[in-house]
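Chemist: Sequence:
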Amino acid sequence: MTTKQKAYIGLTLTSIVWGTSWIASKIGVQKVPGLEVASIRQFIAGIILVAFFLAKGEKMPTWKEFRWLTMMAVLLFLSANGIATVALKYVPSGMGALISALYPLSVVIIERIFFRNTKITTGTFIGLFLGIGGIAVVFYDNAFHNHTEGYVWGIILSALAMLSWSVGTIVLSRTKMKMNAYNATGWQMLISAVILYLMLLISGDHIPVADIPAETWGAIAYLVIASNLITFAAFIYTMKHLEPAVAALYAYINPIVAIFVGSLVMNEKITVSIIVGSLITLLGVYLVNQSLRKQKEILTQTTDADAM
1 MTTKQKAYIG LTLTSIVWGT SWIASKIGVQ KVPGLEVASI RQFIAGIILV AFFLAKGEKM
61 PTWKEFRWLT MMAVLLFLSA NGIATVALKY VPSGMGALIS ALYPLSVVII ERIFFRNTKI
121 TTGTFIGLFL GIGGIAVVFY DNAFHNHTEG YVWGIILSAL AMLSWSVGTI VLSRTKMKMN
181 AYNATGWQML ISAVILYLML LISGDHIPVA DIPAETWGAI AYLVIASNLI TFAAFIYTMK
241 HLEPAVAALY AYINPIVAIF VGSLVMNEKI TVSIIVGSLI TLLGVYLVNQ SLRKQKEILT
301 QTTDADAM
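Every letter in the sequence shown is one number past the one before it in the numbering used here, and letter 16, counting from 1, is 16.
By construction, these hints were calculated from the structure, which means they are not laboratory data.
A hint or two may mislead.
To be verified - Pairs of lysine-lysine residues, derived as BS3-like cross-links and limited to a Cα-Cα distance of at most 27 Å, are as follows:
#1 LYS294 to LYS119
#2 LYS64 to LYS6
#3 LYS240 to LYS4
#4 LYS59 to LYS178
#5 LYS269 to LYS4
#6 LYS119 to LYS6
#7 LYS31 to LYS269
#8 LYS240 to LYS178
#9 LYS4 to LYS119
#10 LYS269 to LYS176
#11 LYS119 to LYS269
#12 LYS6 to LYS269
#13 LYS6 to LYS56
#14 LYS176 to LYS64
#15 LYS294 to LYS59
#16 LYS240 to LYS56
#17 LYS31 to LYS119
#18 LYS176 to LYS294
#19 LYS176 to LYS31
Keep in mind the model is a prediction, meaning the values are calculated, not measured.
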């Protein structure tokens, strides 16, 4: 089997498993608070990764690295993952996945407002319009088929989680730390797990570990083994060996997988409007990504020409 074939297998694995991870998280929060599910998940995955790299001879983070790891843990795992998990108590898994997929749109807006280094081209504007419009269609249709108390609150939490991931992505791209990416991720998971647990103790909204039902443990095991460990490794492999445009396809497939698997496993309602709205949203995200890619290519070509 060639390297490229392995990379395509990794892309398929990433697309499917990360799509089904939304359903696993949804199952996990049915009887256990979302912050507790996220805390246990991140702690187990984090301790495995940290222990593995320490055994391989990796050094403990310096104080400067630990501060950076804590900041990224708060943005990516505590706020983004933790809040997104809590939101699934109130919204369908497909809706959570679809809102999460909007992060390239918010990155464009944040970069434009605060750094002035992203142009809002016609393609970008159309993409933003379609992305927001598609979400509005899905939200409107879901409002009539979802009678869970706190549905709007779940939408707000999902949006906040997506924004946190966007900010984390921007900070990550602008900060360079000489740490193994897997090792850094393990520390971020572990740090976020500790903070999440402290938040649970303060809130009082948690249940004893011995009382956590088997189906929740099953969901956590799937999230840790399949999503946090195996698929994350597959994702990194895919990013290294496939063209960026191809490797990024998982982001468009994940929500579709979450919507259809959620309808089968969780009996979440799926209608023509939800399907159409989802496709419109993903088309908008695609157009924004294409616009950003073209801008980067032009910037690279200009930089290379100046250097000659």
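Chemist: The structure should be examined with respect to each hint, and the outcome stated for every one.
Modeler: Okay, the hints, checked on the actual structure:
Taking the CA atoms of LYS294 and LYS119, the gap is about 11 Å. The hint holds against a cut of 27 Å. Straight-line distance between C-alpha atoms of LYS64 and LYS6 comes to about 37 Å, which puts the hinted pair past the 27 Å bound. Among the hinted pairs, LYS240 with LYS4 is consistent with the structure: their alpha-carbon atoms are about 10 Å apart, no more than 27 Å. A C-alpha spacing of about 12 Å is found between LYS59 and LYS178, which places the hinted pair at or below 27 Å, so the restraint holds.
A distance of roughly 38 Å separates the Cα atoms of LYS269 and LYS4; the hinted pair therefore is violated under the 27 Å criterion. Distance restraint check for LYS119 and LYS6: the Cα-Cα separation of roughly 36 Å exceeds the 27 Å cut-off, and the hinted pair is therefore not satisfied. The hinted pair formed by LYS31 and LYS269 meets the criterion: a straight-line CA distance of about 21 Å does not exceed 27 Å. The straight-line distance between the Cα atoms of LYS240 and LYS178 is roughly 18 Å, inside the 27 Å bound, and the hint therefore holds.
Of the pairs offered as hints, the one joining LYS4 and LYS119 is violated, with about 34 Å between alpha carbons and a cut-off of 27 Å exceeded. Simply put, LYS269 and LYS176 have alpha-carbon atoms about 44 Å apart, too far for the 27 Å limit, and the pair is violated. Among the hinted pairs, LYS119 with LYS269 is inconsistent with the structure: their alpha-carbon atoms are about 38 Å apart, more than 27 Å. A hinted pair counts as satisfied when its Cα atoms are at most 27 Å apart, and LYS6 with LYS269 does not qualify at roughly 35 Å.
Note on LYS6 and LYS56: the hinted pairing holds, with a Cα-Cα distance of about 25 Å set against a maximum of 27 Å. Pair hint LYS176 plus LYS64 holds up; C-alpha atoms about 12 Å apart against a cutoff of 27 Å. As the CA atoms of LYS294 and LYS59 are separated by approximately 39 Å, the hinted pair breaks the 27 Å bound. For the proposed pair LYS240 and LYS56, the alpha carbon gap of about 22 Å is at most 27 Å, so the pair holds.
Distance restraint check for LYS31 and LYS119: the Cα-Cα separation of roughly 46 Å exceeds the 27 Å cut-off, and the hinted pair is therefore not satisfied. Taking the CA atoms of LYS176 and LYS294, the gap is near 24 Å; set against the 27 Å cutoff, the hint holds. Restraint check for LYS176 and LYS31: not satisfied, since their Cα atoms lie roughly 40 Å apart, outside the 27 Å limit.
Hints 2, 5, 6, 9, 10, 11, 12, 15, 17 and 19, counting from the list given before, are not met by this structure.
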